[in-house]
Amino acid sequence: MNLLSTEPIRLLFSLLCIIAFVGVNAMYLVLAERKGAGRFQNRPGPNEAGYGGWLQPVADVTKLLSKQLMVPPEADGLLFRLAPLVVLTPAMMCLAVIPFGDKLVARDVNVGLLMVFSFGSINVMAVLLSGWASRNKFAIISAARVVSQNVAYEIPMLLVVITLLMATGTMDLSEIVRQQAGGFWHWNICRVWINPLMPVTFVIFFICMLAEANRSPFDMAEAESELVAGAYTEYAGMGFGVFFMAEYANIVLGCSLATVLFFGGWQTGLGAVPAAWGGWGILVGTGFFLAKMYALVFTVIWVRWTFPRTQFYALLNLSWKILIPVSLFTLLLSSAMIKFLPR
Amino acid sequence: MKSAILAVPRGFLSLLIGMRVTLTQFFKRTVTVQYPRQTLKMPARYRGHIELVIDPETGRFRCIACKLCERACPSECILVDGAKLEGEKKKSVTEYALDFTKCSLCGACIEACPSDAIHFSREYNLASTDKGDFHYDLMKRPEAGRKDP
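Quick mapping for you: the protein sequence lines, in order, are chains A and B. Note that the working numbering numbers the first sequence so that position 262 is 262, with each residue one more than the last. Note that the working numbering numbers the second sequence so that position 138 is 481, with each residue one more than the last.
Same shape as in the complex, but just chain B (with noise of 0.2 Å):
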């Protein structure tokens, strides 16, 4: 009798409390961003497809052409071929393709790479109605996806 009577006022106050935490939350800032006018920073370990870095001192692509990423890829999604340039001893690449459609982004051929030659970029703005759209010719698109959005 006693406990079921105390247990009216209690109920009560529960709702008070759970009625004081909705109200600190209106007070609060709102979370959303209004995506396409308002963007995010893409954090620094965001995985976008791969993407090939320019040596800011030359001004070329620190790709050797040295295959190590097509052979770790474990979904054989990269394909580079490379050229002896005139004068030159080490090779260099003239040709990156990337199928994306197949890349899990697991981030092998990165690890695999001697001369920290691609990195991940930061683009996340994929869709497209054609799949052709996903296979990427790297050495046309250096370092695009890098820029944050």
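Isolated chain A (complex conformation) (with noise of 0.2 Å):
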């Protein structure tokens, strides 16, 4: 345990740990996804391969991986072969600054919200250099798409965490959840004395989250109707596996940082835990902190399986219409609320 606690040795066992977390949840999610996806149709779901369907996930990874890599002839090799370690390397760079426990955190950076937005828009750059590299006029269309999407939701995103920011007054993720110690009240989601419109704050965050993950009903990336998969297209076997692992990866970072913006983290919402648990009273938080992480993670899935693709124009619509408009008029309105009311 001594050894584990020394400095790089901890990072890279933690960099480990992530990386296997991304991969068990990219596995797994997309079982729930598609279980997720039977229910909400009054259908089983996958259910052949092992009890339940629980092999499905090791059956699609062997496939994948047993595929063959091809690259387009005249595609820019070396930007096709790099994106998608460009797409799914920063959504793991954020989960690291992500704290799923008290001190449970791989590096306790004290930026660490700065941090998880610029590496968290590098995604956007990924799915662009696929869809230029693939030289394929579908991928190169959803490029486009994605570009001007992201650009649209990049905005009301941040100006709602410049919100939560003048509330909370750091950048530093684990203080944060501090901060929001105690029952659940305390939560910035029900914070309404700071600001009245603290849940439509989170509403502003989840629904460009959806964005910015090119979540349905926001998945312009892929729009598989329309243009075959995307910026994916021309992408097999695991090329293809690891853009469906970084958008997994970003659902869960996403859902992670809702949790610890306005859930209260590993808080357990229901007082403290006890100190004489220890470890083990960490571990209870880390349990809250996931609980509250997968409910997110199955509203994601939930949204996806009941609204249909919005059009484009809709899209941008909603960003700069209403989006923005609301998010500016919650960030006036808390700044103001700050200034003059007494603390």
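FYI, nobody ran anything at the bench for these hints, they're computed from the structure. Hints may contain errors.
[Claimed, not checked] Some chain B residues close to chain A (C-beta under 10 Å, calculated; not the full set):
id: 1; residue: A347
id: 2; residue: L349
id: 3; residue: V351
id: 4; residue: G354
id: 5; residue: L358
id: 6; residue: L366
id: 7; residue: F369
id: 8; residue: F370
id: 9; residue: T375
id: 10; residue: Q377
Only a predicted model underlies this, so the values are computations on that prediction, with no experimental measurement involved. Just so it is clear, CB atoms sit at the ideal spot from N, CA and C, and this is done for glycine as well.
Dock chain one against chain two, each of which comes alone in its own frame, and use the hints as you go.
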């Protein structure tokens, strides 16, 4: 245990854990997604491989791993091979600063929030790269869509986060969680005395998170009924698999961030865990964190199987005409309240 | 201006209503039948190919070989032949061939039958790569498809 607490080894170990966490999540969230889709449509979903289909991800991964990686002729080979890595790495980097429990964080950076958002936007560049390098018209249309979509949704997302930052006064994610200690009414989403529009802030954050992760109803990048598979059209085997992993890594990241920022992270919401529990107390907190995060992930799946894909101009309208004005209003309201109301 | 602002919460409410609809579906029973392992009971009025009925009292076919079904058939897919057995007044069926490749399951033969000697089976597991498999000799498969699978 002493070896694990020395710095470079601890970091390496945590990063390995994060990679494993992302991999397992990607595998089993695909199954959860398909099972969920089944349940929402009154059918059982995959149920042939293993009991209740639990071996389905293993079968899928085996199939993807055994397929040949093809680079289309006249495609930009380097960028084409690089894009899957560039899309997955930032999501994993961001997870390094997410506090999964009290002290259970790979790297406690005091500008964690800033880091998440700076690395988070690399995702867009990677999809653009893959679309561009494929030399495929569907992929290029998809890449152009992704860029304008993400530019549009980055703005309300950041406005909402600034609103939250004014309430918390820190970018340290662990500190933000610590501020939400106590009952669930101390969670940021319930702090209506700082800003009565806090729940609205969360809704905007959630919508932008869906758009940033290219999730339905904003899945313009993959739009399978219009653009074959969008930016991923020319990818086969594990190249495609890595994009798939990155999609789910981004969902996990977005939901973790929402949990940390709005739902009190590893705080139980019922009061503090007794200090006498020691390490087990931290794990209890982690359990609460994961429960909240997976509830949000379920909501993401739920939203996907409820709403059809929006049209592209409707998507931009939603951002520029509704989300940005509303988030600007919450920003102004919250700064006015902090300025003029006694704290 | 006012309606544009009100449209936002209204639109959001409609999204929540939609999500409630799907969530109620989430907790309902699945309707899938795992076909080769599970099958549904075919409804009473399901029309499979026709088959001959056996009289439970005598244990023989009810058919009296009157050939009304053969004449009623618009697709000419039925061929009946019969003979008088020793010491009997009525004819008995000796051959009943059905060419199911032509049958359109219209039921004219069943309506025409004076002795209720034919009915629809509930057979639906029909697949073959050989056309000849659908030339049935109904004498050899009495009430084969009547049982529910």
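Structure-based check of all given hints:
{"no.": "1", "hint": "A347", "verdict": "9 Å, holds"}
{"no.": "2", "hint": "L349", "verdict": "12 Å, violated"}
{"no.": "3", "hint": "V351", "verdict": "6 Å, holds"}
{"no.": "4", "hint": "G354", "verdict": "8 Å, holds"}
{"no.": "5", "hint": "L358", "verdict": "7 Å, holds"}
{"no.": "6", "hint": "L366", "verdict": "7 Å, holds"}
{"no.": "7", "hint": "F369", "verdict": "5 Å, holds"}
{"no.": "8", "hint": "F370", "verdict": "8 Å, holds"}
{"no.": "9", "hint": "T375", "verdict": "5 Å, holds"}
{"no.": "10", "hint": "Q377", "verdict": "8 Å, holds"}
Hint 2 from the list above is the single one not met by this structure.
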